[in-house]
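All chains should be modelled from the sequences, with the hints used to inform the complete structure.
Chains as they are written, first to last, in the UniProt record's numbering: chain R, 1 to 389; chain D, 1 to 389; chain G, 1 to 389; chain E, 1 to 389.
For the record, the hints were derived by calculation from the structure and aren't laboratory data. Treat the hints with caution; some may be incorrect.
Claimed, not checked - No more than 25 Å apart at the CA atoms, straight line, and that leaves these computed lysine to any residue pairs for SDA-like:
hint	chain 1	residue 1	chain 2	residue 2
1	E	295	R	334
2	R	295	R	366
3	G	291	D	37
4	D	343	G	230
5	G	257	E	241
6	G	257	G	245
7	G	291	D	342
8	G	291	G	200
9	G	291	D	83
10	E	291	E	241
11	D	343	D	73
12	E	295	R	340
13	E	295	R	348
14	D	343	G	71
15	E	291	R	201
16	D	343	G	242
17	D	343	G	88
18	D	343	D	37
19	G	291	G	325
20	D	343	G	245
21	D	343	G	236
22	G	295	G	200
23	G	257	E	74
24	E	257	G	71
25	E	257	G	88
26	D	295	D	348
27	G	295	D	336
28	D	295	G	242
29	R	295	E	168
30	E	257	E	168
Stated by the list, open to error - Here are some chain R residues the structure puts well away from chain E; computed CB gaps all over 12 Å:
hint	residue
31	67
32	71
33	270
34	331
Stated by the list, open to error - Listed next, the stretches of chain G that the computed footprint assigns to chain E, with coverage defined by at least 3 CB atoms under 8 Å from CB atoms of chain E:
hint	region
35	29-37
36	146-153
Note that the Cβ used here is the ideal one computed from N, Cα and C, for glycine as well.
Residues per chain are reported as follows:
Number of protein chains: 4
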Amino acid sequence: MPPVQARGLDRFRAVRSRTEELAAPLSAEDQTVQSMPDASPTKWHLAHTTWFFETFVLRPHASGYRPFDPAFEYLFNSYYEAVGPRHPRPQRGMITRPGAEQVLNYRRYVTGAMLDFLTHDRRCDELVELGLNHEQQHQELILMDIKHALSVNPLRPAYRAATPRAVLVPQAVAWREFEGGLVEVGHGGHGFAFDNEGPRHRTWLDAFAIAMRPVTCGEYLAFMEDGGYRRAEFWLSAGWECVNSRGWEAPLYWENKDGAWHVFTLSGLEPVDPSRSVCHVSAFEAAAFAKWAGKRLPREAEWETAAGVLQGSGEVWEWTASPYVAYPGYREPPGAIGEYNGKFMASQMVLRGGCSATPEGHVRPTYRNFFPPDARWMFGGIRLAEDLR
Amino acid sequence: MPPVQARGLDRFRAVRSRTEELAAPLSAEDQTVQSMPDASPTKWHLAHTTWFFETFVLRPHASGYRPFDPAFEYLFNSYYEAVGPRHPRPQRGMITRPGAEQVLNYRRYVTGAMLDFLTHDRRCDELVELGLNHEQQHQELILMDIKHALSVNPLRPAYRAATPRAVLVPQAVAWREFEGGLVEVGHGGHGFAFDNEGPRHRTWLDAFAIAMRPVTCGEYLAFMEDGGYRRAEFWLSAGWECVNSRGWEAPLYWENKDGAWHVFTLSGLEPVDPSRSVCHVSAFEAAAFAKWAGKRLPREAEWETAAGVLQGSGEVWEWTASPYVAYPGYREPPGAIGEYNGKFMASQMVLRGGCSATPEGHVRPTYRNFFPPDARWMFGGIRLAEDLR
Amino acid sequence: MPPVQARGLDRFRAVRSRTEELAAPLSAEDQTVQSMPDASPTKWHLAHTTWFFETFVLRPHASGYRPFDPAFEYLFNSYYEAVGPRHPRPQRGMITRPGAEQVLNYRRYVTGAMLDFLTHDRRCDELVELGLNHEQQHQELILMDIKHALSVNPLRPAYRAATPRAVLVPQAVAWREFEGGLVEVGHGGHGFAFDNEGPRHRTWLDAFAIAMRPVTCGEYLAFMEDGGYRRAEFWLSAGWECVNSRGWEAPLYWENKDGAWHVFTLSGLEPVDPSRSVCHVSAFEAAAFAKWAGKRLPREAEWETAAGVLQGSGEVWEWTASPYVAYPGYREPPGAIGEYNGKFMASQMVLRGGCSATPEGHVRPTYRNFFPPDARWMFGGIRLAEDLR
Amino acid sequence: MPPVQARGLDRFRAVRSRTEELAAPLSAEDQTVQSMPDASPTKWHLAHTTWFFETFVLRPHASGYRPFDPAFEYLFNSYYEAVGPRHPRPQRGMITRPGAEQVLNYRRYVTGAMLDFLTHDRRCDELVELGLNHEQQHQELILMDIKHALSVNPLRPAYRAATPRAVLVPQAVAWREFEGGLVEVGHGGHGFAFDNEGPRHRTWLDAFAIAMRPVTCGEYLAFMEDGGYRRAEFWLSAGWECVNSRGWEAPLYWENKDGAWHVFTLSGLEPVDPSRSVCHVSAFEAAAFAKWAGKRLPREAEWETAAGVLQGSGEVWEWTASPYVAYPGYREPPGAIGEYNGKFMASQMVLRGGCSATPEGHVRPTYRNFFPPDARWMFGGIRLAEDLR
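Okay, here's the thing in structure tokens:
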């Protein structure tokens with residue numbers, strides 16, 4: 001077995017193990033619930049990432065492969081119309097069987113079959129790489145979703161123990177200027193990227209400046225204290241409607257206890273730290289903050305152009321001003337895999353960067369994350385930009 | 001310790017154990033989910049019946065009692081406004097912690113404290129008897145609710161193994177006639193009864209006849225085959241609206257597979273047995289069937305008057321034509337316990353008899369079960385009556 | 001032509017004219033809107049009462065009758081399944097054509113055809129009498145519904161000018177006691193009655209007392225000031241849910257302006273007069289008030305037994321404690337007319353008496369009005385009763 | 001008075017009159033209803049366009065001006081938060097008073113005051129021009145909205161008589177190729193434009209081709225007959241959800257009668273003409289059609305670059321692939337007028353061109369119309385584009 005392949009097997013094992021490590025602190029009960037239609041049970045994530053390899057690699061390509069349980073094709077399909085019917089997304093939390101233990105058996109069965117397959121068959125290497133990146137996306141989703149699930153429990157239970165963190169001294173934000181001009185963006189080189197990151201293409205940028213670090217909780221508190229959630233003038237119309245119909249008055253997970261703002265974290269409730277990057281805001285809140293500050297959000301091509309020098313990138317996903325649309329020349333791949341990204345290019349906004357829950361090695365300057373502008377449960381923050389003219 | 005008290009302790013232990021036996025076949029995952037707002041997780045039933053004793057007996061009456069967990073007062077209150085705020089009912093399935101094991105610990109702790117208390121203090125005996133009857137009601141609810149939860153799983157998993165049942169030869173229904181006149185109904189004698197069963201009072205009945213057994217699945221199939229779910233003429237207006245907006249075309253849990261009707265049971269999917277009593281119909285379906293048959297549903301005073309001679313009583317709860325209202329002279333007891341029954345006397349119908357999931361010794365001829373007329377997940381069936389004139 | 005028939009024609013003309021008089025103060029715009037699904041446009045009431053005579057008398061019985069417009073059979077059917085499909089109730093306010101003028105033409109056409117028919121054909125006299133009583137019910141509905149429609153206009157426009165009313169001195173309520181026993185209730189004699197008022201039948205009443213007049217606004221204000229809308233202890237569970245989810249804090253149409261309660265009337269906004277009967281309360285509010293007062297609502301058989309001596313009857317419909325169910329021995333008439341009353345016998349409560357908007361001559365001691373317990377837009381008030389024992 | 005101002009007054013009179021001409025064929029009833037929350041009553045459009053001049057010109061700038069009715073400030077504000085509270089949009093159809101006649105009085109009063117003002121005061125000329133363009137937008141909305149309102153009437157009444165149209169011979173579509181490169185788009189010159197059309201700015205285009213005419217009904221029928229509405233592969237995920245949850249199977253207003261497709265028009269129901277441009281499709285349907293055809297929708301900068309040579313432009317608004325976002329360097333104007341366009345830049349798509357209901361002289365190559373991607377009641381059609389590489 002050549003070393004390159006051994007590295008591939010190691011990577012496969014490592015990614016698969018990492019998913020299970022993330023689930024390990026959770027009880028069978030924790031892994032079962034679905035706290036809102038957009039979120040999924042941990043157990044479902046564990047099964048669906050396994051379903052991906054079973055459906056796209058083992059069933060069509062591994063001769064003699066016997067599916068672990070034929071019913072799982074239906075149960076753990078997320079949204080692939082081309083694969084066939086599927087269990088309705090809002091009903092994922094109703095599936096008590098298979099239980100957490102059985103899902104682990106499913107994982108072991110498929111991981112074993114995959115390792116067998118990969119030792120002698122390299123035809124699917126690209127697909128496997130996609131599956132591993134897919135699984136890494138779900139590793140982040142596991143943390144996003146379980147955070148939400150635990151947050152609706154009035155006991156505010158913790159996923160993990162708190163770790164002591166250095167106290168930071170808040171600092172004024174520095175800005176960096178860019179001349180713009182005709183630039184190239186998008187993935188074009190070697191190495192893995194999702195289809196929606198390409199093709200690499202030219203685009204025109206006017207001169208702009210971009211903040212060197214994301215907006216902090218302290219800065220966001222100033223916006224709140226200046227009536228940010230009560231003054232329509234800062235908000236997009238659809239955002240203002242959210243503020244009023246959903247009663248937004250702070251980022252998601254913030255609670256005011258006896259006059260002091262706290263935030264629910266994976267380690268339970270903590271006081272808000274003004275020096276940390278603000279997180280769990282929607283694109284609407286990000287845009288309102290920017291307008292209040294007299295700035296704007298960066299466009300994604302600006303962000304990508306500046307990516308090399310930005311600081312704090314990777315703490316929170318950074319909302320951009322760019323709707324999630326196809327790059328010039330983009331075509332979905334044929335078949336079910338073509339449903340991975342392309343069909344979601346409507347009414348969503350691009351986020352860039354990565355966050356503390358993103359697996360190591362999973363981010364790139366060209367990476368395009370996307371969510372609807374009212375979504376708050378992913379780890380979304382704010383970076384400011386402005387025109388230079 | 002007097003023998004009577006020993007019997008009391010034995011009964012306390014027996015009822016408490018029975019609840020745990022009902023939960024024993026269920027995994028932690030099974031016990032966590034809430035498949036619709038009207039249903040509750042098994043785990044919640046186990047905790048709430050324990051909360052009842054802690055809240056109404058131990059906290060106010062057992063000197064030096066330390067609650068197992070102060071947060072449970074909020075978490076496991078069902079609907080007692082006088083006790084204080086409570087976790088919203090539709091959110092019961094979001095509580096993953098305490099888990100099933102911790103809820104059992106809660107049960108053991110409270111059962112122990114109760115047994116201590118009951119050996120030396122008899123002041124609360126009436127309240128304890130209410131608590132045991134309350135727990136028996138929840139034993140039936142556990143089965144109703146888990147049946148629904150398992151039914152929404154496309155795998156149709158079973159709660160328990162099927163037991164072989166004798167094949168019955170369908171028989172024509174016999175009828176019994178009653179002269180009516182001025183009768184007395186309601187609980188008036190010794191022994192436990194819920195407040196809503198009294199006071200015993202006089203009422204006038206015209207002459208009537210009542211069927212000796214409940215309607216069978218075979219008879220109900222004849223209604224279905226005669227267009228029962230497509231002919232508005234048989235239906236109350238609100239029932240017809242349910243048929244159309246919810247797509248009713250058979251009792252709950254019935255599925256047509258390749259032209260043959262099957263029914264989901266606690267032992268999984270089984271062919272419909274025409275000789276068994278039809279079950280899981282709403283009051284609307286019961287009334288429509290009766291109208292199709294040229295009969296009517298019995299009033300609850302008729303049912304109670306005839307109770308001594310009825311056959312098949314106890315298989316399925318039998319919908320009556322009587323809305324659930326207070327008997328003449330009824331007064332709720334003072335305090336939180338007064339919320340047990342009285343405040344639900346609106347827009348519900350009375351069912352009589354008991355069903356296969358009802359704990360032994362929990363039914364009486366005066367027992368008044370009640371549900372909204374569109375409810376189908378409890379074990380509701382049909383008995384016919386008619387006027388004699 | 002015999003005098004009796006002349007009287008019949010006069011009555012027909014008079015009822016038909018009265019309906020048009022009620023609509024006369026309203027603009028075409030007023031007559032078009034539907035302010036909630038339960039209410040209907042004035043224009044629809046004018047057309048539907050006409051449809052009744054066209055559908056049930058002229059089409060089947062008047063030889064050579066040509067319908068005014070064949071499309072109206074669909075457009076103006078209210079709820080008669082046996083007649084065929086119909087325009088959805090919540091969409092009645094979307095029908096701008098035929099307009100108000102065309103609907104008057106429709107009325108004139110059908111009234112003319114009916115008068116022709118009635119002069120020479122007496123076969124349908126019973127049906128015609130039903131149609132006239134039906135039209136009188138809609139006369140009251142026109143006022144109920146337009147009151148609601150005008151109330152949602154922030155200008156609070158008036159249907160008619162206010163008339164000066166005598167100032168009344170509030171008086172303590174007197175009570176009358178009844179022995180009860182075996183009584184007869186329900187319509188059994190001569191003269192018109194709806195099918196649901198019969199058959200006359202025996203029922204048993206325990207001794208009771210009943211208030212001689214309805215509850216006044218002043219008395220209801222005392223309930224409000226004593227926290228009536230904030231104290232769960234007075235409320236049925238479903239009522240308390242309404243209080244909270246709909247934000248009830250006073251009867252419908254009451255507005256607090258600068259600390260003083262006002263009420264929207266058909267003559268616009270007026271100060272609440274404490275000596276008048278409270279109106280536009282739901283059955284839930286009526287029951288909560290009664291519980292607060294330490295009394296209860298009368299059962300409908302009690303009300304009917306006492307009807308001869310009650311004062312203030314006819315000002316507001318009086319909620320009873322009785323759900324709307326069939327009397328013993330009740331059978332719907334055959335055919336579409338059988339849908340008039342019987343199919344609504346579910347989840348509604350009986351009101352007795354009549355109100356200021358009820359046409360003269362349209363009430364009887366046996367009259368059973370019915371509405372869901374949360375309905376407030378009809379003219380519903382409160383009379384108290386209590387047990388004597 | 002200089003001629004230029006006389007022309008201004010003539011234009012003011014002409015635009016105002018045109019609005020009233022559009023309403024003239026409609027009855028008071030027609031003008032009152034609101035058939036869905038997105039649409040508004042004709043009467044409301046007539047009043048709101050008047051409110052615009054009263055609120056932004058007369059109240060602040062015409063000394064001594066007395067508002068026609070102070071309540072109208074609240075009643076006819078559309079969405080300007082800075083102006084103050086307003087009547088809820090979904091309740092616009094509940095306002096029967098002021099009636100249609102009174103709204104015309106309001107119009108005459110304000111038109112008169114404006115003409116007085118404009119003869120001697122030129123300070124507001126820019127604002128007045130905005131008001132006239134605003135009123136022209138509402139002229140199109142009047143037709144869009146009344147078409148929808150009449151369409152929900154099962155009688156399918158016509159707004160105007162049908163005019164005979166030439167029968168066209170369907171022709172194959174021609175394509176025009178563009179080299180792309182660094183282009184300038186957006187409004188930058190003289191003459192009126194909305195704020196969202198600027199600033200003029202550079203952008204990069206890859207080479208593309210664009211169809212010379214919009215897609216016809218005949219071409220769209222081919223898509224339908226090829227299973228367009230049943231094959232998920234053509235659809236964006238959010239579009240496929242619409243197809244299924246709303247039951248889309250043809251453009252809005254299409255009805256299949258006895259196997260032949262008809263379309264509801266402002267002149268009533270007509271057979272679908274295969275040679276006409278398809279209309280009343282959503283952006284989702286436009287994108288699905290394009291994918292089925294192996295093409296794509298044009299980006300708005302492509303459309304604008306090609307605008308000079310396109311044929312058929314102005315028949316139907318043409319969906320682009322571009323989300324509605326701010327151009328580089330865009331800033332809302334200060335004050336309430338700043339709410340005109342900017343705050344809607346979220347989750348909407350740009351349409352270009354204009355349609356048969358657009359007032360003459362109201363379109364420009366830089367004009368950016370915008371609607372949510374699921375909207376179908378405006379006159380939206382399809383033009384195809386493709387990459388050249």
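A quick look at each hint next to the structure:
1. E:295 - R:334: The given pair, whose Cα atoms are some 15 Å apart, holds under the 25 Å limit.
2. R:295 - R:366: 24 Å, holds
3. G:291 - D:37: 29 Å, violated
4. D:343 - G:230: 16 Å, holds
5. G:257 - E:241: 47 Å, violated
6. G:257 - G:245: 23 Å, holds
7. G:291 - D:342: 12 Å, holds
8. G:291 - G:200: 31 Å, violated
9. G:291 - D:83: The hint holds at about 20 Å.
10. E:291 - E:241: Within the cut-off at roughly 17 Å; holds.
11. D:343 - D:73: 21 Å, holds
12. E:295 - R:340: 20 Å, holds
13. E:295 - R:348: 22 Å, holds
14. D:343 - G:71: 48 Å, violated
15. E:291 - R:201: At roughly 22 Å apart (the allowed maximum being 25 Å), residue 201 of chain R and residue 291 of chain E satisfy the hint.
16. D:343 - G:242: 14 Å, holds
17. D:343 - G:88: 35 Å, violated
18. D:343 - D:37: Given pair residue 343 of chain D, residue 37 of chain D holds - Cα atoms ~19 Å apart, limit 25 Å.
19. G:291 - G:325: Roughly 24 Å separates the two Cα atoms, so the pair holds.
20. D:343 - G:245: The given pair, whose Cα atoms are some 17 Å apart, holds under the 25 Å limit.
21. D:343 - G:236: Since the Cα atoms of residue 343 of chain D and residue 236 of chain G sit roughly 4 Å apart, the hinted pair holds (cutoff 25 Å).
22. G:295 - G:200: Status violated; Cα separation ~28 Å.
23. G:257 - E:74: 19 Å, holds
24. E:257 - G:71: Within the cut-off at roughly 17 Å; holds.
25. E:257 - G:88: 21 Å, holds
26. D:295 - D:348: The hint holds at about 21 Å.
27. G:295 - D:336: 20 Å, holds
28. D:295 - G:242: 36 Å, violated
29. R:295 - E:168: 53 Å, violated
30. E:257 - E:168: Status holds; Cα separation ~23 Å.
31. 67: 24 Å, holds
32. 71: Residue 71 of chain R clear of chain E: closest Cβ-Cβ about 22 Å, beyond 12 Å.
33. 270: Fine: 32 Å to the nearest Cβ keeps residue 270 of chain R off the interface.
34. 331: 9 Å, violated
35. 29-37: holds (count 6)
36. 146-153: Satisfied; 4 residues make the cut.
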